[in-house]
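Chains as they are written, first to last, in the numbering used here: chain A, 1 to 1051; chain B, 1052 to 1117.
Derived from the structure by calculation, the hints contain no laboratory data.
In this text the structure is predicted, and so the values were computed from the model without any measurement.
Hints may contain errors.
Derived list of chain A stretches under chain B, where covered just means 3 residues or more per stretch with a C-beta under 8 angstroms from a C-beta of chain B [unchecked claim]:
id, region
1, 456–468
2, 789–799
3, 807–815
Backbone N, C-alpha and C define an ideal beta-carbon position, used for all residues, glycine too.
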Amino acid sequence: MNTATSTADAKTPAPAAETFRAGPHQHDATRDDTVTTLVLRAPAPVTGAELAAAVETVTRRYEVLRTALVPSPAGGAPTQRVSPGPLPGGPDGAGRLWTAAPAAGGRIELTASARVLDAEGLWLLAGELARELEAGPAAAAQRAGTGEDGPLQYVDVAEWLHEVLADPEAAEARASQKKAHGGYDDAEETVARVRSLAPARTASNSGATAAPVRRVALPGPHHPAADTEAVLLAAWLVALHRFGGAQALAVRVSTGLREVPQLKPVLGPLTAWTAVRQEFEAGRTLADVVAEVRTARAAQREVVELTSDLSAVNAPLGFSYLEVPERVGGWSVVSLAARGTGPGLRLTAVRRGDLVELRLDGAEAPELGADVTGRILDAVATVAEQGMREPSTPIGQVRLGVPAAPPTAPATPTAADWAEATLTDLVSRAAARAPEAVAVRCATRELTYRRLCSSAASLAARVDAAPDDVVAVIVPDPVTRLVAQLAALRAGSAYLVIDPDDPAERIAGLLADASVRHCLATAETASRLGDGDGYALILVEEEDGTGESGGEEGAALDEAEQRREGAGARGPDDLAYLLFTSGSTGRPKPVAVTHRNVVNYLGWLADAGLIGPDTVLPATAAPVFDAAVKQVWGPLVLGGTVVLPPAGESPAETLADALTGTGAGAAVTTVNTVPRLWDETLRALEPAEGTAAPHRRNLDVLLGGEALTADLVERTHRLLPGARLWNLYGPSETTANASAGTVAAGDRVSLGGPVGATTLHVLDEAMTPVPPGVVGELYVGGAGVARGYAGRGGLTAERFVPDPFSGTTGARLYRTGDLVRIGANGLPEFCGRADGQLKVRGHRVEPGEIEAVLLRHPAVSAAVADARDDRLVAWLVPGPQGPPTVAQLREHCAVLPAYMIPAVFVALERIPLTAQGKTDRRMLPDPADGHLEQGGEFTAPRTPVERVVAEIWRTVLGADRVGAHDNFFALGGDSIRAMHTVARVRDLMATELPLRELLGAPTVADQANLLLAHDHDGSVREFAEAFAALDEDAEARTTSGSTDDATEDQT
Amino acid sequence: MSESTLYDVVLNDEEQYSLWEAERELPAGWHREGTRGSREECVAHIDRIWTDIRPRSVRERHARHA
Chain A
1 MNTATSTADA
11 KTPAPAAETF
21 RAGPHQHDAT
31 RDDTVTTLVL
41 RAPAPVTGAE
51 LAAAVETVTR
61 RYEVLRTALV
71 PSPAGGAPTQ
81 RVSPGPLPGG
91 PDGAGRLWTA
101 APAAGGRIEL
111 TASARVLDAE
121 GLWLLAGELA
131 RELEAGPAAA
141 AQRAGTGEDG
151 PLQYVDVAEW
161 LHEVLADPEA
171 AEARASQKKA
181 HGGYDDAEET
191 VARVRSLAPA
201 RTASNSGATA
211 APVRRVALPG
221 PHHPAADTEA
231 VLLAAWLVAL
241 HRFGGAQALA
251 VRVSTGLREV
261 PQLKPVLGPL
271 TAWTAVRQEF
281 EAGRTLADVV
291 AEVRTARAAQ
301 REVVELTSDL
311 SAVNAPLGFS
321 YLEVPERVGG
331 WSVVSLAARG
341 TGPGLRLTAV
351 RRGDLVELRL
361 DGAEAPELGA
371 DVTGRILDAV
381 ATVAEQGMRE
391 PSTPIGQVRL
401 GVPAAPPTAP
411 ATPTAADWAE
421 ATLTDLVSRA
431 AARAPEAVAV
441 RCATRELTYR
451 RLCSSAASLA
461 ARVDAAPDDV
471 VAVIVPDPVT
481 RLVAQLAALR
491 AGSAYLVIDP
501 DDPAERIAGL
511 LADASVRHCL
521 ATAETASRLG
531 DGDGYALILV
541 EEEDGTGESG
551 GEEGAALDEA
561 EQRREGAGAR
571 GPDDLAYLLF
581 TSGSTGRPKP
591 VAVTHRNVVN
601 YLGWLADAGL
611 IGPDTVLPAT
621 AAPVFDAAVK
631 QVWGPLVLGG
641 TVVLPPAGES
651 PAETLADALT
661 GTGAGAAVTT
671 VNTVPRLWDE
681 TLRALEPAEG
691 TAAPHRRNLD
701 VLLGGEALTA
711 DLVERTHRLL
721 PGARLWNLYG
731 PSETTANASA
741 GTVAAGDRVS
751 LGGPVGATTL
761 HVLDEAMTPV
771 PPGVVGELYV
781 GGAGVARGYA
791 GRGGLTAERF
801 VPDPFSGTTG
811 ARLYRTGDLV
821 RIGANGLPEF
831 CGRADGQLKV
841 RGHRVEPGEI
851 EAVLLRHPAV
861 SAAVADARDD
871 RLVAWLVPGP
881 QGPPTVAQLR
891 EHCAVLPAYM
901 IPAVFVALER
911 IPLTAQGKTD
921 RRMLPDPADG
931 HLEQGGEFTA
941 PRTPVERVVA
951 EIWRTVLGAD
961 RVGAHDNFFA
971 LGGDSIRAMH
981 TVARVRDLMA
991 TELPLRELLG
1001 APTVADQANL
1011 LLAHDHDGSV
1021 REFAEAFAAL
1031 DEDAEARTTS
1041 GSTDDATEDQ
1051 T
Chain B
1052 MSESTLYDVV
1062 LNDEEQYSLW
1072 EAERELPAGW
1082 HREGTRGSRE
1092 ECVAHIDRIW
1102 TDIRPRSVRE
1112 RHARHA
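Could you put the whole structure together from the sequences, leaning on the hints where they help?
Shown next, in the form of structure tokens:
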């Protein structure tokens, strides 16, 4: 290429270069260096020499064309160095950052880095060159001689901008921009999601391919610029929302400073990046988003010079819109292209006439590959076209491309064999095959299949139930409880397990809600039930596993049962169990699951090799949860063994024994728990440093109930190289699990494929399937879809909807509320919730249920519940009489099950709201900043050991102030945090506290006594005294300082 | 699915009720019940009329053996 350069005059000594601080956004341009290329055609051919002469003249006129950027050695803003003469061309910042050269076909090509010229600056340069060439060298010489005022130079503009920015008005404008900057976390996540759609880069696909380009036609060449920009920016935002699933996104948008009239003719880098934040609520239309974007952009243009230094250049998502003029100074424009190198992903839209070209730029763009880039650009183009043609389309209903085929699985062979069987049939068959096999083990107690069935049969004989009647089981002893569950089924009814530790008020509510007809309870639990209104109370003796085997009696009763049921009275479509799950309107919902639902699932488990006659599975889930279904009936339908942890043993202990093969854990073949508990189990067993000593246990590890992390997958395989790890997914409404898959180390975690006779659909708000990569709501169809919510027709109708995709007439889909997308491997990946439902320590929690209870407290006028750091937090606005104490609130919340009682209460003046008037959960203050007082008198820790315990609590619970009588659980403690406490005691004092004893010692004073009781070698006392000495020192040093801090906080 | 979207109350041959966007084609095996209104109106109506969520075939079998 014959680049036009000019040589410096060798005869006169060159004057020294001058240096200035860089312009406010020139620094930005070093981080996102957009290179703009403009190709022009002159009316008459231009020779290289003519162009060089014009370049020389213009370069002498504009300092910015002789400016180099010198990086600051400290990494701060660079310096601009203005040379007296033209600079040599060069790729680095020290050389010339622009070129002008003749190109093929009599064209002229201009390129410039945004460090010296933005796109508009490049047009101005083109205009200057055209003017010079038209007038010829004589005119230039003449003008140089007249002493005519020179043009406004960029260095002066930069200084002026720096001054403007120092103004208080600018600070105010920047503050509003700063607000818009919030929420870049979502942008990071969005970029990561888009990136993960691309297949892993290999040698074969890493070659450079042409970057895809998409075109959008505008309604006409005179479509206003502000409208076009708004439509395209809105389309980019909506496409990002649909692919990334974020509910709000901030994007940096290039904004020209030439909106300021004085800056119009200035050659220089005059583009700033300003942030535009958009919220995407369901039901909003494209027109809504376009209008909001347009308003936000208009406001930004008004004050652009005031905000340009608080630049959004580091934001991971960007957008720029350029319009190409038809002619520049008598030259016609052939093309204009802009390439950005900044962080993340950026959409560049270049408009010419009635056509817009879209490209993806930025550091992440090359990583996406042509396929993903093309799909994203297609989506942007589709949304933009829809936005102009049918602006009333809701953002969640724009069709973005060819949908993914729904993952579907047929019924497995075992499930097909069992099609007409009930759970009871299957357990009886297993018992007939191996009556002496161990069905249930609990510490030293064992029940054979014969004994289990005969005990259940005896009890069933006392239950005079009709099919579909609900029998509540309120039994603390795990073995007796299991016998009672089986008895309920054998009596032809469905069971509902109630946690005997729930408050009486809640139990009464659940029994009424489930229309319970019979209650199996022990003498002790029955005494707490009060009046057995509407149901028959049947007292159950504790099953001790000894006594008469009663084999024949059991067989005889089997026949009696069969006589009673009569031909065809019972069937697989009868109810097997009810299970309460959290309800968003304040009432728990009873999920009604049939035998057919469960048996299909168990058949799949059998064919997946997850259960069999040799299975030994600890039922660590609380029996009121969905996971208990698989843990109990999984082993029992095929002759395996259920290990029931004895009352009082924590699931973490049971799992740790299974993992290390200690004690009863030695026989365990399979474990099933939530990722969080598994994580803690591993943590307790991983050596403090370095790589773990692997355990040679060939366990099947089934994790489900909350999102599984890649880290946990990796650690599981490291610690248990022989383990087979499964990720399970599914709400109670689709029976235990809807999808599952094995996960190897390094795999991308997905929800797996559908279980037997199940179909997974990812649908948009119009219930239309979405293309791969687009986030939609997961709907589950097939044999697992439960009957509904017992007694709640309206709620059932809302969540169980007609299945338009099934070949079975009248089939229904369950609408999960889970947002997923089909990932690069064709399997669904979890992306969040469509509503506010939470997972806290693996438990499904509707914040609405907690909020409804809080609002019933007379001193609470507004309440919001949410999860932070896997703990439930309640924010509340106290009524006029002031805030209640934590103790009062906890007592008030006791109608909720323990896992739904907020760990932390925070008082607020008002609930923060979004622009649309909904609760802005992002703006809820950090709970550590605003704990409500515990109530009662505060007693500072009194002894050195109490002080140590209080200090450990501060770390483990994140609490500010811990008193001697404060309660571990009231401050947000739970069994997991108790395990942390045990670990901390071990690290600090080389003393081992049994977890169970710690859980029984809820206050600081109790735990201090416990520590002393276990202080066999004096290390606790020694550490506590050393700590006390340090603590006093520190207090003495900081007393005055902390008083000042407190005063400052008040103001 | 904006606030103003109209729905129909629908049911299948097992007399299981649900909601379906008005004017949209119904999947095979589903019929319109006749009630049309907002989501809340339809849900409230179903709550009133569908108090026993057992499928029709199960209900009838239970009645035969009662």
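Hint check results:
Look at the region 456–468 of chain A against chain B: 3 of its residues bring a Cβ nearer than 8 angstroms to a Cβ of that chain, three or more, so the hint holds. Coverage of the region 789–799 of chain A by chain B holds. Counting CB-CB distances below 8 angstroms, 10 residues qualify, and the rule asks for three or more. Coverage of the region 807–815 of chain A by chain B holds [criterion: at least 3 residues with CB-CB distance below 8 angstroms; count 5].
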